[in-house]
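Line by line, the protein sequences give chains F and B.
Numbering follows the numbering used here, with no gaps: position 32 of the first sequence is 32.
Numbering follows the numbering used here, with no gaps: position 48 of the second sequence is 48.
Heads up, some of the hints might be wrong.
Computed list of lysine-lysine pairs in PhoX-like fashion (alpha-carbon distance at most 20 Å, straight line) [to be verified]:
#: 1; chain 1: F; residue 1: Lys431; chain 2: F; residue 2: Lys449
#: 2; chain 1: F; residue 1: Lys684; chain 2: F; residue 2: Lys538
#: 3; chain 1: B; residue 1: Lys197; chain 2: F; residue 2: Lys491
#: 4; chain 1: B; residue 1: Lys205; chain 2: F; residue 2: Lys454
#: 5; chain 1: F; residue 1: Lys215; chain 2: F; residue 2: Lys151
#: 6; chain 1: B; residue 1: Lys205; chain 2: F; residue 2: Lys449
#: 7; chain 1: F; residue 1: Lys538; chain 2: F; residue 2: Lys562
#: 8; chain 1: F; residue 1: Lys151; chain 2: F; residue 2: Lys135
#: 9; chain 1: B; residue 1: Lys197; chain 2: F; residue 2: Lys431
#: 10; chain 1: F; residue 1: Lys449; chain 2: B; residue 2: Lys33
#: 11; chain 1: F; residue 1: Lys538; chain 2: F; residue 2: Lys454
#: 12; chain 1: F; residue 1: Lys454; chain 2: B; residue 2: Lys197
#: 13; chain 1: F; residue 1: Lys103; chain 2: F; residue 2: Lys135
With beta-carbon atoms standing in for the labels, derived distance ranges [to be verified]:
#: 14; chain 1: B; residue 1: Ile281; chain 2: F; residue 2: Ser74; range: 51 to 61 Å
#: 15; chain 1: F; residue 1: Leu637; chain 2: B; residue 2: Arg28; range: 56 to 66 Å
#: 16; chain 1: F; residue 1: His487; chain 2: B; residue 2: Ala185; range: 28 to 38 Å
#: 17; chain 1: B; residue 1: Arg211; chain 2: F; residue 2: Ala164; range: 44 to 54 Å
I should point out that these hints are in silico values taken from the structure, not numbers from a laboratory.
Positions of the beta carbon are idealized from the N, C-alpha and C atoms, including for glycine.
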Amino acid sequence: MTEPLTITGKRVPAVTPVLEVDNLSVTFAQAGNEVKAVRGVSYHVNPGEFLGIVGESGSGKSVSSMAVMGLLPSSARIGGSVRFQGRSLLECSDAELSRIRGKDISMIFQDPLSALTPVYTVGHQIAEGLLLHDKNLSRQAAAARAVELLKLVGIPSPERRAEAFPHEFSGGMRQRAMIAIAIANDPKLIIADEPTTALDVTIQAQILEVMQEAKEITGAAVVLITHDLGVVAGNADRIAVMYAGRLVETGGVDQVFHAPAMPYTIGLLRSMPSMASSQTRLVPLEGRPPSLAALPPGCPFAPRCPLVIDACREAEPALTGTEEDPTHQAACIRSSEITSGKLTRSEVFPRPVPLIEGTPAGTDGREVLSLTGLVRHFPLLKGAVFKRQIGTVRAVDGVSFELGSGQTLGLVGESGCGKSTTIMEILELAKPQDGQIRVNGVDVADLSKRDRLKMRRDIQVVFQDPMASIDPRLPIHDVIAEPLTVHGVSKKDQQRKVSEMMELVGLDPEMASRYPHEFSGGQRQRIGIARALVTDPKILVLDEPVSALDVSIQAGVINLLKDLQLQLGLSYVFVAHDLAVVHHIADHVAVMYLGRIVEYGTSDDVFSRPRHPYTQALISAVPIPDPALERTRVRVLLDGDLPSPTDNIPGCNFRSRCPLYQLLPDQQRLRCQDEDPSLRTVDKTSVACHYAEHDALIDTMAER
Amino acid sequence: MSMVEDAQVLPVTPKAQQRGPRPASRLRLIFAKLARTPRFWVGTLTLLVIVLWALFGLAFYNFNAVSQDVMSMNTGPTGKHWFGTDEIGGDIYAQTVVGLRKSLLIGFVVGPVSALLAGFIGALAGYLGGVWDRVIVWFIDLLLVLPALYILIMLYPLIKGGSWVIVMVYLAIFSWMILARVIRAQTSSLRDRDFVKAARFMGVKTSTIIRRHIIPNVSSLLIIDATLGVGAAILTETTLSYFGFGVQPPDVSLGTLLSSGTGAATTRPWLFVFPAAILVITVLATSLAGDALRDAVDPTSGANRD
Ligand SMILES: Nc1ncnc2c1ncn2[C@@H]1O[C@H](COP(=O)(O)OP(=O)(O)OP(=O)(O)O)[C@@H](O)[C@H]1O
Ligand code: SF4
Ligand code: SF4
Ligand SMILES: [Mg+2]
Chain F
1 MTEPLTITGK RVPAVTPVLE VDNLSVTFAQ AGNEVKAVRG VSYHVNPGEF
51 LGIVGESGSG KSVSSMAVMG LLPSSARIGG SVRFQGRSLL ECSDAELSRI
101 RGKDISMIFQ DPLSALTPVY TVGHQIAEGL LLHDKNLSRQ AAAARAVELL
151 KLVGIPSPER RAEAFPHEFS GGMRQRAMIA IAIANDPKLI IADEPTTALD
201 VTIQAQILEV MQEAKEITGA AVVLITHDLG VVAGNADRIA VMYAGRLVET
251 GGVDQVFHAP AMPYTIGLLR SMPSMASSQT RLVPLEGRPP SLAALPPGCP
301 FAPRCPLVID ACREAEPALT GTEEDPTHQA ACIRSSEITS GKLTRSEVFP
351 RPVPLIEGTP AGTDGREVLS LTGLVRHFPL LKGAVFKRQI GTVRAVDGVS
401 FELGSGQTLG LVGESGCGKS TTIMEILELA KPQDGQIRVN GVDVADLSKR
451 DRLKMRRDIQ VVFQDPMASI DPRLPIHDVI AEPLTVHGVS KKDQQRKVSE
501 MMELVGLDPE MASRYPHEFS GGQRQRIGIA RALVTDPKIL VLDEPVSALD
551 VSIQAGVINL LKDLQLQLGL SYVFVAHDLA VVHHIADHVA VMYLGRIVEY
601 GTSDDVFSRP RHPYTQALIS AVPIPDPALE RTRVRVLLDG DLPSPTDNIP
651 GCNFRSRCPL YQLLPDQQRL RCQDEDPSLR TVDKTSVACH YAEHDALIDT
701 MAER
Chain B
1 MSMVEDAQVL PVTPKAQQRG PRPASRLRLI FAKLARTPRF WVGTLTLLVI
51 VLWALFGLAF YNFNAVSQDV MSMNTGPTGK HWFGTDEIGG DIYAQTVVGL
101 RKSLLIGFVV GPVSALLAGF IGALAGYLGG VWDRVIVWFI DLLLVLPALY
151 ILIMLYPLIK GGSWVIVMVY LAIFSWMILA RVIRAQTSSL RDRDFVKAAR
201 FMGVKTSTII RRHIIPNVSS LLIIDATLGV GAAILTETTL SYFGFGVQPP
251 DVSLGTLLSS GTGAATTRPW LFVFPAAILV ITVLATSLAG DALRDAVDPT
301 SGANRD
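This is chain F alone, in the form it adopts within the complex:
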């Protein structure tokens, strides 16, 4: 049995918390064994407070908030107590609960499409929510209020948009609509479960802003659940870190970020690539979270903890206040040693080593891959039997770049800007619709079938989702050996090579006859990397190789990629939407917008002094896991979403969202409207903007 926990709510006098969760536990009975998803969680939220709950996938963050809302299936056994404004929610009947839900407590989910009903208009759904909780409201008044709410959350032309159906909204707009519904009835508490995970950074920044506004307008308390420490750093007042179904650390954001007292939090913060820390090697958190079905006694973090001592394995440490500050609590028997400075935090996880400079083995910087004016348009077809073309999707619209041997090119941009299409075109090794692709100086359009097959040895790919990119029905020996089967390598050599590659990426060759599902996400991505390396390629194309992984595992894969590059002299084309990761790994960066490259330069130049307004906005949208920095940052927010790539926009295609354009005097705007900017060199980077020299204007605007 675990000891009763101290209840954080009891320590704060004066205000009564809106929500008090005390010793909450949730158990799912599953064929034979019990999964203890939440094991004694206690926290409180004060009126108007912003609480962030962070944790890796499977740590129980969502389940605990579903329990609060009474949304768990009946198979779940719930223990402990949940009090909302003094009322015990676990004892409420279903009818009472639904009255509270949607009026006093509202919820925002990760996937707004599944939370909105597809057959009703968005305006109708908001009005419905209003009418349900206020019987005196007339239909017209409700409709008018719905439009008002949509306007409040920043949806352009709200009158027209209220008539639209959810599928006609983009992801960001749907999430705004969800927020509108959430704040419609002036709730006292908003619970948001990963509200921005499915969105681009630029849209994420907008949504977080709207949430802050909504909180100020309604005065509601907010509980934000996320896996991204950066997201809470800038927004939350207090945070709670969850691990294996328990809170392991809680306190004010500054305390937790600057003086974490629990080794897990320290490790998590360390493993994150940050825009501010690109010059040091990442420190991965080894291992995986434990299985919740069979927890060993003692501290659940013990197998991964660098400070573990024998006493840790005896009993699970309770969440207790640190000596300096009772509101900063950690569940670790050695936390006092950490807070008192006896154990320095950099020793908990070894000091990150500076990046090894030096050129990768056997490379000379010669060009290995170059694109010139690559074009890929998709016809947009309509009709089932007789298809007719109703437009063109300009997925890639004239992209050029070069990659030197031993170098990494980072390709960044919002989703839908054409990153994936670009690299798929490269991988086809076929004549593009227009433009030229050269690999090792050879134009791929001229290749014979045999030469093309031979060239495939040199250029390999690692996909984003390690679950989807490996055939679940092949043992991993066959998975990794697959590229070799094409080139007539003997079975014996295949086997030798596979063992070698598994060794290289840090997998035990003994595991070769296991199936993919027996591996964790990080390991599966290693299998994908091993498969790509098995033919000794020169170029590796990586499509979002770490975005599907948890932060603590991501760091290990990034380090591996860097090491391999040094060891084997590989060249990478690295596609990612996470700029911190790109900053960490890339030598050169190309920023894409609507099928074009809008800024290109060395990673240092682009990130330290971005010249294109879009690049500036992208960089400033990346959350930094440091509350002090976050608060003082000047943000360049973008309006709206990526326009449809079917639109044929004359002049500069970024115009509709360009913050610089807004600030220009009319006669200068004309140029943006008429003339398509081409890449030109400004300072050290190439920029496709007529007014890149005026970029200081944006900063002045952002400060206002």
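Position chain B with the ligands against the provided structure of chain F, taking the given hints into account.
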């Protein structure tokens, strides 16, 4: 779900040089898993017994399928006529054994063949897409809307007097279409999966991709269909014989035995019960073995979670 330890910290040791045990191939893994499944053994051993019985069941028996014992007509099971006799003194035991041979042949050829046809044609259409897909789907739909029996009647003059082998071919040809459409739909979604794309970018040939990636990933469906198809084919043959196609007297199959025995099921149960029991046991044993096979090819299925 048990997973192996995360090996992120594994130091690079020169273990690759040490000859480890040879990693097992997919087929070996599947067989190893099958061998560990009791269901598989029960199913296959039962089937084996049935086949042996069909082959040698008459070796030490005094009657055969066409013999008529005028001394004992319409008798129940006796020491002489183990399963009894019919109204003209035909021996039911002998007829069952002979009928079983034919039915086993029909079932075990038609079920798997139609599943294989469905698998390859469906996967081809789904994987190739475009014009090929449209032509194949059009053809499938054509076969689906044509009333199968009508065609058979049209072809009657041709196949009349032809052996029951033609019935087998006919059954196989007319039973794969629906599954083929399902497989096609699954394949076109598999085609966009990253692992298939990855194989394409490695330069793996289309036929190899279908064999290595597509078929194994739809194999659960194929196996279910093949095992269900065994029973279905045996029963459909009955219908056909009823209409005068297929197995004709004096030849017998389980199907013909059953259809002639149903009427007497309450008065002279032995005419019906024995062939029916054999049929049920055959179908059950097949699905038991099929079920085990399906689990064996699916690495995520229960038994493998060790
Ligand atoms: N086969 C296709 N037919 C029509 N449009 C397509 C096709 N493939 C891609 N597109 C469109 O091309 C544009 C670019 O897509 P792409 O997948 O390259 O974006 P991305 O930058 O990789 O986005 P993400 O980060 O979400 O992966 C998108 O608008 C997409 O809808
Ligand atoms: S209790 Fe022990 S194992 Fe757990 S986090 Fe603290 S030092 Fe590490
Ligand atoms: S050309 Fe004009 S619209 Fe385009 S990015 Fe520059 S300032 Fe903005
Ligand atoms: Mg993509």
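Quick rundown of the hints versus the structure:
Restraint check for Lys431 (chain F) and Lys449 (chain F): satisfied, since their Cα atoms lie roughly 12 Å apart, inside the 20 Å limit. Proximity of Lys684 (chain F) to Lys538 (chain F) is assessed by CA-CA distance (about 28 Å); at most 20 Å being required, the pair is judged violated. Straight-line distance between C-alpha atoms of Lys197 (chain B) and Lys491 (chain F) comes to about 24 Å, which puts the hinted pair past the 20 Å bound. Proximity of Lys205 (chain B) to Lys454 (chain F) is assessed by CA-CA distance (about 14 Å); at most 20 Å being required, the pair is judged to hold.
Only pairs whose Cα atoms come within 20 Å are accepted, and Lys215 (chain F) paired with Lys151 (chain F) is accepted, the gap being roughly 16 Å. Simply put, Lys205 (chain B) and Lys449 (chain F) have alpha-carbon atoms about 12 Å apart, close enough for the 20 Å limit, and the pair holds. A C-alpha spacing of about 14 Å is found between Lys538 (chain F) and Lys562 (chain F), which places the hinted pair at or below 20 Å, so the restraint holds. The hinted pair formed by Lys151 (chain F) and Lys135 (chain F) fails the criterion: a straight-line CA distance of about 24 Å is larger than 20 Å.
At roughly 18 Å between alpha-carbon atoms, Lys197 (chain B) and Lys431 (chain F) fall within 20 Å of each other, so this suggested pair holds. Taking the CA atoms of Lys449 (chain F) and Lys33 (chain B), the gap is near 41 Å; set against the 20 Å cutoff, the hint is violated. For the given pair, Lys538 (chain F) sits about 13 Å from Lys454 (chain F) by alpha-carbon distance, which is consistent with the 20 Å threshold. Using a Cα cut-off of 20 Å, the hinted pair Lys454 (chain F) and Lys197 (chain B) holds, with the two alpha carbons roughly 18 Å apart.
Between the alpha carbons of Lys103 (chain F) and Lys135 (chain F) the distance comes to roughly 13 Å, so the proposed pair stays at or under 20 Å and holds. Ile281 (chain B) and Ser74 (chain F) have their C-beta atoms about 42 Å apart, which leaves the hinted 51 to 61 Å range violated. In this structure the supplied range 56 to 66 Å holds for Leu637 (chain F) paired with Arg28 (chain B), their Cβ-Cβ distance being about 58 Å. Taken as a hint, the range 28 to 38 Å holds for the pair His487 (chain F) and Ala185 (chain B), whose Cβ atoms sit roughly 33 Å apart.
For the hinted restraint 44 to 54 Å between Arg211 (chain B) and Ala164 (chain F), the CB-CB distance of approximately 47 Å keeps it satisfied.
Hints 2, 3, 8, 10, 14 from the list above are not met by this structure, while the remaining hints are.
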